[in-house]
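2 protein chains.
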Amino acid sequence: MPLGERSPGDKGESRYCGVESEFDGDVPRLLSFNISCGGFDFVVSPLMNPTYRPSLFEKEGNESSVLPFAGSDLILNPSQWSSHVVGKISSWIDLDSEDEILRLDSETTLKQEIAWASHLSLQACLLPTPRQASCANYARCINQILQGLTNMQLWLRIPLFKAEDDSMGTSTDDMTDSWELWNSFRLLCEHRSQLSIALDVSSTLPSANSLVRWFGEPVKAAILNTECFLTNARGYPCLSKRHQKLITGFFNHSVQIVISGKPLHKVLKGSADPATMDNGDNVGCVQNHSLRPYLEYVGYLYQRLDPLPEQERFELGYRDFLQSPLQPLMDNLEAQTYETFEKDTVKYTQYQRAISQALIDRVPDEKASVITTVLMVVGAGRGPLVRASLQAAEETGRKLKVYAVEKNPNAVVTLHSLVKLEGWENSVTIVSCDMRHWVAPQKADILVSELLGSFGDNELSPECLDGAQRFLKQDGLSIPSSYTSFIQPVTTSKLYNDVKSHKDLVHFETAYVVKLHSVARLAPTQPVFTFTHPEDSPQRNNQRYKKLQFEIPSDMGSALVHGFAGYFDATLYKDIHLGIEPSVATPNMFSWFPIFFPLRTPVCVHPGSPLEVHFWRCVGSMKVWYEWCVTSPSPSAVHNSNGRSYWVGL
Amino acid sequence: MPLGERSPGDKGESRYCGVESEFDGDVPRLLSFNISCGGFDFVVSPLMNPTYRPSLFEKEGNESSVLPFAGSDLILNPSQWSSHVVGKISSWIDLDSEDEILRLDSETTLKQEIAWASHLSLQACLLPTPRQASCANYARCINQILQGLTNMQLWLRIPLFKAEDDSMGTSTDDMTDSWELWNSFRLLCEHRSQLSIALDVSSTLPSANSLVRWFGEPVKAAILNTECFLTNARGYPCLSKRHQKLITGFFNHSVQIVISGKPLHKVLKGSADPATMDNGDNVGCVQNHSLRPYLEYVGYLYQRLDPLPEQERFELGYRDFLQSPLQPLMDNLEAQTYETFEKDTVKYTQYQRAISQALIDRVPDEKASVITTVLMVVGAGRGPLVRASLQAAEETGRKLKVYAVEKNPNAVVTLHSLVKLEGWENSVTIVSCDMRHWVAPQKADILVSELLGSFGDNELSPECLDGAQRFLKQDGLSIPSSYTSFIQPVTTSKLYNDVKSHKDLVHFETAYVVKLHSVARLAPTQPVFTFTHPEDSPQRNNQRYKKLQFEIPSDMGSALVHGFAGYFDATLYKDIHLGIEPSVATPNMFSWFPIFFPLRTPVCVHPGSPLEVHFWRCVGSMKVWYEWCVTSPSPSAVHNSNGRSYWVGL
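Chains P and C, in that order, are what the protein sequence lines are. Under UniProt numbering, the first residue of the first sequence carries the number 1, and numbering increases by one thereafter. Under UniProt numbering, the first residue of the second sequence carries the number 1, and numbering increases by one thereafter.
Heads up, a few of these hints could be off.
What the hints assert, rightly or not - As a list, the in silico BS3-like pairs of lysine-lysine whose alpha-carbon atoms are at most 30 Å apart:
1. P:K111 <-> C:K623
2. P:K623 <-> C:K503
3. C:K245 <-> P:K503
4. P:K111 <-> C:K546
Bear in mind the hints are in silico, worked out from the structure with no lab data behind them.
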């Protein structure tokens, strides 16, 4: 029975909790004991008698006898198998043994068991941890198997382990960092999306920085050994604060918990710990399952989770979902798009604050009644900045003449209605024109625009505002006055596989707007390109080139960079800013998700060896585009040469 | 005028020699001096006045004036430009300068000059050496340019330099090994085939092992500075033995020589060195070109080259040309194919020697007249092994009964004609049958077969001979008695680009038969799979798995592995072998070219850090295939999983 119900809309799998069991030929009894009595949702159980060896089996002339599987699809129907059993592949297999017989037996058994699991429609099988760091033959076999699997996931069991003292000298040793084992295995298996991870959590946890990496990897289950648990004052199992934090992270990333091991806490019968749940629906057999207190503790942690804030709940469906960035200059936005973005009150409040401050600065109180400030909203859309400007004027008692310049003729229709509806006819002039070509009847004190994309300049704000600068007074100002893009390297298996699934170069050379969730941020962000408005330099040029060096934390261990997360921060006016760069992000603003620049070939980075990255903003006569590459630790290709795959039309 | 004529059929470009010159606005005079008078074939010359800077040019308001190019297509027609001039891009450019103005000027100039060279249909432009090891912006620009170039080659000028003491600690310094610079540049440029190398040769040469690498790279020109030259007893320029050897290597790999620098040898006028060529066709102005003695010395080296052996000449057209391996089991060979292979007398001589030795060993002299040996040629084709067997019998005076088993019904027709023609009716029985299914009327003393491919077992000799083993006597023997495949890691830009040009995965997961020429062999070969016949083990199994570790020489420097060259060696009988493994290859045999296994992503290897490679031979019910991968220094994908791209039909 699930651990609990999360906020509506959360489809995470983490509300199910499983239990690892020994081989049992009587599967119905196994399920009845663990599920009906124990309260678990599923059982991770061996499918095959562990004494079976194909080479012995053949020798005994058993050609006609059946393989020693636990149960069949007549004993339990496929839907029961599928919803309650995760197949545990025989743990004796060793595909990289020096012993050829053992190696061949292992391959035969692995293929037989997975074929059987697939026949039963199991959702997943748990693969034993590779016995050596050198696991090429195991990976080769799994890769062959994955090629033919359609629905089933394979969970590779990986101990959550990293030696603290991971100096350069010991890096060739086996298993100083289990992430390396995972990384080799999945690279050999071509990064296939059906290969995922079951993390074996023990009582000692590696550094917080090294744990971060796993949240960018496809972890589907965390196996909690009973040895992880401490004992609370009343004798019940509980977890350390660090373990609790980790489990909370797992819950938030749809990772299922599996309890494993022998019961180590003798809980008095009938005296349930008040801190843990007891739904009362297990009367009759609850006392019989000795792992139940662990499940109850996990359920307690689950139910203690903070509810998701409304905005997060709204964005759940967008998590790790790749979207093409808007091209509002080349394409005209639709009403629905305007509608959505206009609801971002936090954003317009910031604009209104910036405009108010600018009005006060430009017009002293004593001249408020004589000076009329000319404000032009360039890219007015359906008018939200017109409204913010008028409210700022009212708030500050300044006189304001507003020009609302908009190139989308459909939005202009709405603007006219709005002006009429609100009675703004005297203060607002609507101009149906591209700001780059408009011949303004007078010059402006203030240009207000909202042309920024997730990466700041990626919707061509610089080019548009350069065009509008002609009709700004010599001492006029622009809101925003500047903006900067930021990037950071990330691990994100999910997004990498989604990009790869298109099987072409174009998708690897495209930037995506995406609500990043299953992502490991490997280093703090760094600024990339900055644009300032107005820009008076005679060599004004919107091409940019930036070289960046990222260092991953020394205790993180190595990590795989699948690409770069991009953000922006904009200064609207003086200290009033607006943006999504994580360390200074404007709270409760929802207009922008981050941007993601993928790498065609993921790059493995190591502590102490910087990741050197280059980003270019290139400008042609018809389009603007980015190119990017890595030069250290090893050079990549320059991505998106000449904007061949991804560009923004001028 | 060319340095000389090589053997017919050699289309190498290396018979042309160029000269590097300063900027000269008068191109006809420049060509007349260097080509008509100097005797050179082409001039490497700047196209643009070296004082030109775009930013200054614009400032001077020269919008309407022409760019300061040397000459135009009216002064010299395009075919003259194309055949006599290699454009030398302005050497002041620095695209990775910290100075933004210089960087932008450099980009503008680079693009203007290459556009101009392309307009003139030049065959190549010489790009200046990157000024820093960090050359991402330069590479990005060249990559953009290459995307639009159709015919012109760009030669990146790279000094032939490697510090001797290249310990791990100094490897991050700039330019301890100029190969690293090239490698970064071409990886950033996506390995494009129009980007090639002009090596700047100086008086000091790096280690022989480090030079090897360049023969797998696209070196198109070697620029010999006059400072490279020594002075012979008569005051004429000459080269050290090591330089001579290098130049010979260049000649054999179609690398053109370019003479550069100031004349440093004052050769007495009119007293041509007898050791050098003097064709006498330069009367009138020969004395005026002070670099002529260097050209004459290079011509002397060229003419001194050993002529190509006949077999090499025959194989010229196959050099570095990818072919799909034959599938003689699944497909029936054509008459032309039989015809070609039957001409390999060396091969059949080895077989005849092996059969003779076996006959003598099995039948003592005293029983030669009473014992008839039963020999079965399995896969008799059009009969060359039948002939070799009968000749061996005659040579040794043994009595022989031959069965010629052949599954190709077309070849069987030819076999019948042959037997009739030669009058072999009494000793030869022709069997039209697949050896795997034949029910033999008696058992054989000797099985003779020629079922080997370039990689030994890759034409399924093991599977065929396993099928034939049924009708071999208990003490019978097989010729060949065993065979082993070998691989070694290679650099081969040419083949990598040819594979890549197909733009699909299938071609990167296919093995090719190829006459390897522009290849750098990075480490000695190592054995992979061995098969022995007859094989009596009850666990007989033709699946194989081999893990190999290659170390590149410590003084080689780093190198890029594009894939693996494969070979075989077969023991026919006792010490009589036959094969193409380079260290023991049978001389003058032409039936097999090596095999090439590509890597989807080339792997950079470093001395002291082994390259770990895995090869599998997998056997299914309908096909046999190989899988392969690299696990160190970084894991690759397992190639050709389940034989999805490349397999041999059973």
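Here is what the structure says about each hint:
As the CA atoms of K111 of chain P and K623 of chain C are separated by approximately 18 Å, the hinted pair is consistent with the 30 Å bound. For the suggested pair K623 of chain P and K503 of chain C, the alpha carbons sit about 27 Å apart, so the restraint of at most 30 Å is met. Between K245 of chain C and K503 of chain P the alpha-carbon distance is near 47 Å, which puts this suggested pair outside the 30 Å criterion. A distance of roughly 21 Å separates the Cα atoms of K111 of chain P and K546 of chain C; the hinted pair therefore holds under the 30 Å criterion.
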